[in-house]
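2 protein chains.
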Amino acid sequence: MTFTNKLKNIWSKNNSLLCVGLDPDMEKLPKHLLKSKYPVFDFNKAIVDATHDLVCAYKPQIAFYSAHRAEDQLEMTMQYIVDKYPDLIIILDSKRNDIGNTAAMYAVEAFDRYQADALTVSPYLGGDSMTPYFDRKDKGVIILCRTSNAGSGDLQDLEIKGEKLYKVVAKKAVNEWNYNKNISLVVGATYPNELKEIRSLVGDMPLLVPGVGVQGGDVQATVKNGVDKSGTGMMINSSRGIIFSDSGANFDQAARKTALGLRDEINSYR
Amino acid sequence: MTFTNKLKNIWSKNNSLLCVGLDPDMEKLPKHLLKSKYPVFDFNKAIVDATHDLVCAYKPQIAFYSAHRAEDQLEMTMQYIVDKYPDLIIILDSKRNDIGNTAAMYAVEAFDRYQADALTVSPYLGGDSMTPYFDRKDKGVIILCRTSNAGSGDLQDLEIKGEKLYKVVAKKAVNEWNYNKNISLVVGATYPNELKEIRSLVGDMPLLVPGVGVQGGDVQATVKNGVDKSGTGMMINSSRGIIFSDSGANFDQAARKTALGLRDEINSYR
Chain A
1 MTFTNKLKNI WSKNNSLLCV GLDPDMEKLP KHLLKSKYPV FDFNKAIVDA
51 THDLVCAYKP QIAFYSAHRA EDQLEMTMQY IVDKYPDLII ILDSKRNDIG
101 NTAAMYAVEA FDRYQADALT VSPYLGGDSM TPYFDRKDKG VIILCRTSNA
151 GSGDLQDLEI KGEKLYKVVA KKAVNEWNYN KNISLVVGAT YPNELKEIRS
201 LVGDMPLLVP GVGVQGGDVQ ATVKNGVDKS GTGMMINSSR GIIFSDSGAN
251 FDQAARKTAL GLRDEINSYR
Chain B
1 MTFTNKLKNI WSKNNSLLCV GLDPDMEKLP KHLLKSKYPV FDFNKAIVDA
51 THDLVCAYKP QIAFYSAHRA EDQLEMTMQY IVDKYPDLII ILDSKRNDIG
101 NTAAMYAVEA FDRYQADALT VSPYLGGDSM TPYFDRKDKG VIILCRTSNA
151 GSGDLQDLEI KGEKLYKVVA KKAVNEWNYN KNISLVVGAT YPNELKEIRS
201 LVGDMPLLVP GVGVQGGDVQ ATVKNGVDKS GTGMMINSSR GIIFSDSGAN
251 FDQAARKTAL GLRDEINSYR
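Respectively, the protein sequence lines represent chains A and B. Position 156 (the first sequence) corresponds to 156 in the working numbering; numbering is contiguous. Position 150 (the second sequence) corresponds to 150 in the working numbering; numbering is contiguous.
Since the list gives no way to pick out one identical chain from another, each pair is judged satisfied if it fits inside one copy or across any two copies.
DSS-like cross-link-like pairs, simulated, lysine-lysine; straight-line CA separation at most 30 Å:
no., residue 1, residue 2
1, LYS84, LYS6
2, LYS8, LYS196
3, LYS172, LYS161
4, LYS137, LYS28
None of these hints come from the bench; they were simulated from the model.
Input sequences plus hints: build the corresponding full structure.
This is the structure we're talking about:
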């Protein structure tokens, strides 16, 4: 099944646009897990088991694994989700970019080694650098467009013939790069006006929207400005705000409670 | 010692601007190495031992390791160079980019886990996304500016008030981001005119220049257009063109011969 169809199915099945970021900062893991041989995997497994019916996707950010030599625990996490919850989307958030023969290696990393349904990539190197991802028809390619950080405008707001760079990227994504209909865009919830503009440019292209929760993006504005005509079209991500809801023995149920609240809040504005 | 000073020392000591890319494509490794427990490390070790006096830097591209679960062999390679050839620069070519708390994890990966002297990063997310790297005063931050691939112009040639994006990036690097004097730029040898323009904008800022060798960049034009006033200022990279010079038992000596030829060719134009 293609990434896009899998996404449509799970939006419907779980009635959820919520994506949970699996960013297991070692300093924030519940203390009782640190005695385990695989604390990161145990943490992720508990979070996934407690929230799988409330989300459309999980998004592990690979830096939190690679900084701590925990690639094995990322593999274990992916395998667990693939085996137990095969309907869910898994996004490897690695923001890769490189030229052809190297980009092909990153495609192997994300799609084959880690079994991700989609990966995030940066467009700075141009269309040909992303071809190895675009060519994987069944996989999703989520291109950075307007990122959620305060400094995202440094490059993304530069104007080319009166049009800002992030809009140029959105248009290229729609008009030039989407020959396999497997592209999505990253648009930060911290920029609701830009989110609205981008939605108007891209039709029903799925958007990955980080920045609600700790980063402060407004949920109502995000949903109102970001959904497509069918009331879906988004993966709204929260990481720290959900997974570190509580640091005690019941961290997973606390995460469930927060995820449930956010899913329902999102749905109330659709 | 800072990255910049370490680079100046090795340019002088080895009389070389040559950087060798350690991109151990598993399909191209000499067959006799594949029986080893650590074929990638054994390959890199032999290449490094055969070329260490001819280069200023080594540049492992991390995708070639992560695609094959060979992070351990990348660590072993880095440790080997740090221990045996501590004067040499090691660049982790990972082209990372992410927002603050995640970028900080990538800094840990590159500088602490892998002991790199410098890493490559993408500027698309803006200045604040690179702060965790800039703040590591003794380390180098090598920002993508004008990349060597055919499609690099898709974004990098877009004009902002008459000035192309790669020049805007170069100027921001010099004027806004270089508060610790630890920035370098990536400029492809396949674009010698752009290389000349960038050199004129950045003074003696070091440039990492990929694209000679298999990618076809002209060595003479690269050197003439890229050196700074002292006749240095560049790390001219070749990967496949050197390390896969021969696939037989003497692959390392064949690589030495190619590296020697390229180093001397570069020096003949300085």
